[in-house]
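**Q** Now for the letters of each chain:
There are 2 protein chains.
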Amino acid sequence: MTSLSKKTQYTLRALYALARTYGQGPTLIAKLAEEESIPQPFLEAILLNLKREGLVESKKGKGGGYALTSPPGEVTLGQVIRLVEGPLAPLPCASETKYRRCEECLEDRTCGTKMIMRQVRDATAAILDHTTLAQVCDLIDETSAKLHANDTFMYYI
Amino acid sequence: MTSLSKKTQYTLRALYALARTYGQGPTLIAKLAEEESIPQPFLEAILLNLKREGLVESKKGKGGGYALTSPPGEVTLGQVIRLVEGPLAPLPCASETKYRRCEECLEDRTCGTKMIMRQVRDATAAILDHTTLAQVCDLIDETSAKLHANDTFMYYI
DNA sequence: CTAAGAGTCAACTGTTTTAGTAGGGTAATA
DNA sequence: TATTACCCTACTAAAACAGTTGACTCTTAG
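So the sequence lines, in the order shown, correspond to chains A and B.
Under numbering that gives the first Met the number 0, the residue at position 125 of the first sequence is numbered 124, and the numbers go up by one with no gaps.
Under numbering that gives the first Met the number 0, the residue at position 35 of the second sequence is numbered 34, and the numbers go up by one with no gaps.
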């Protein structure tokens, strides 16, 4: 089921970075690509896509770059992943936002797999639609802080 | 994220069918393929794989066919999906059963995406590892019964 | 008003996965 | 010993993934 593509991982990493500099002006594609180790032309395509979807805005010319359109606390992972990967549900017929009848189940209403996958979708959406970029950044900071505290502590043993 | 392949859907359909005839002797590949609308050579490969993993057993010659190894109440969807699709986690580094360090996150311990995907994995596993073939068959029967009751009811309005 | 900075865009390419097909081999039973 | 039925390898077409190429256009400073 490994379903998060590299593209989505790149997208999320780029957005975490933009979240951290929100309100401080635009960031260069080149800088983002460098710092997050993402092939620059690929990142360009990714950001362009996010721009078309309204998640980020861009500025051309000197002092240009990309920035989040909304505060990081208002962007959920669910939104982002849906933009890049499509529906969260493991099957199109189990999707809430983009339901598409499944070619596989002849009797759509009594497809057992579908009913269970609907539960999986709901559980996944409950997590991803309530987790924002800001929360992820905080989580990363907390974890780093704890790790560092432990490392420091180790030296004293 | 649509991550359930046709192969897995076929596998599950075949297993539901075998679950319904558990204890009544083996079922022919040809019959399974016909009834579940699965290309027979593909189904053969699927069943062979399940056999290697110990989920089903086969008998050759006249009166042969395939049957579940264990009672349908003891086989979970989690087991089956892991066999066919691999780990339930959206990222290899978020897997409990088959952890594999992620090439993408330089600092594995502070990867935000990983931490959230771990939550998604846990929620998914909680559902799939507690749902058995028998439960799915029951769910299908109940749903069919309700649908039929409604259909009948409609005629009386 | 023009040069440099910086994003925009279409089209192409190599690799991997998916969803099969083809065709013969092997074991069990009547 | 013929028939039934599973076993196995190898091949392939199409789609998805992970990029690359190269030309283009807009913005701003000087």
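Hints listed in this document are in silico derivations from the structure and should not be mistaken for laboratory results.
Be aware that one or more of the hints could be misleading.
No copy is singled out in the list; a pair is fine if it fits within one copy or between any two copies.
To be verified - Taking lysine-lysine and the DSS-like style, the derived pairs with C-alpha atoms no more than 30 Å apart in a straight line are:
#1 K30 - K97
#2 K30 - K6
#3 K97 - K145
#4 K97 - K58
#5 K59 - K97
#6 K97 - K5
#7 K61 - K145
#8 K50 - K145
#9 K50 - K5
#10 K145 - K59
#11 K61 - K97
#12 K145 - K58
#13 K6 - K97
**Q** Would you mind marking each hint as holding or not holding in the structure?
**A** Now for the hints, and whether the structure bears them out:
1. K30 - K97: neither (35 Å within a copy, 35 Å between copies)
2. K30 - K6: within (18 Å within a copy, 42 Å between copies)
3. K97 - K145: between (40 Å within a copy, 26 Å between copies)
4. K97 - K58: neither (32 Å within a copy, 43 Å between copies)
5. K59 - K97: neither (34 Å within a copy, 45 Å between copies)
6. K97 - K5: Classified as both; 23 Å inside a copy, 19 Å across copies.
7. K61 - K145: Neither way: K61 and K145 sit 39 Å apart in one copy and 65 Å across, limit 30 Å.
8. K50 - K145: neither (35 Å within a copy, 47 Å between copies)
9. K50 - K5: within (19 Å within a copy, 33 Å between copies)
10. K145 - K59: For K145 and K59, the Cα distance exceeds 30 Å both inside one copy (40 Å) and across copies (60 Å).
11. K61 - K97: neither (40 Å within a copy, 47 Å between copies)
12. K145 - K58: Neither: 37 Å inside a chain and 57 Å across chains, both beyond 30 Å.
13. K6 - K97: The answer is both: 21 Å in one copy and 22 Å across copies each meet 30 Å.
Hints 1, 4, 5, 7, 8, 10, 11, 12, counting from the list given before, are not met by this structure.
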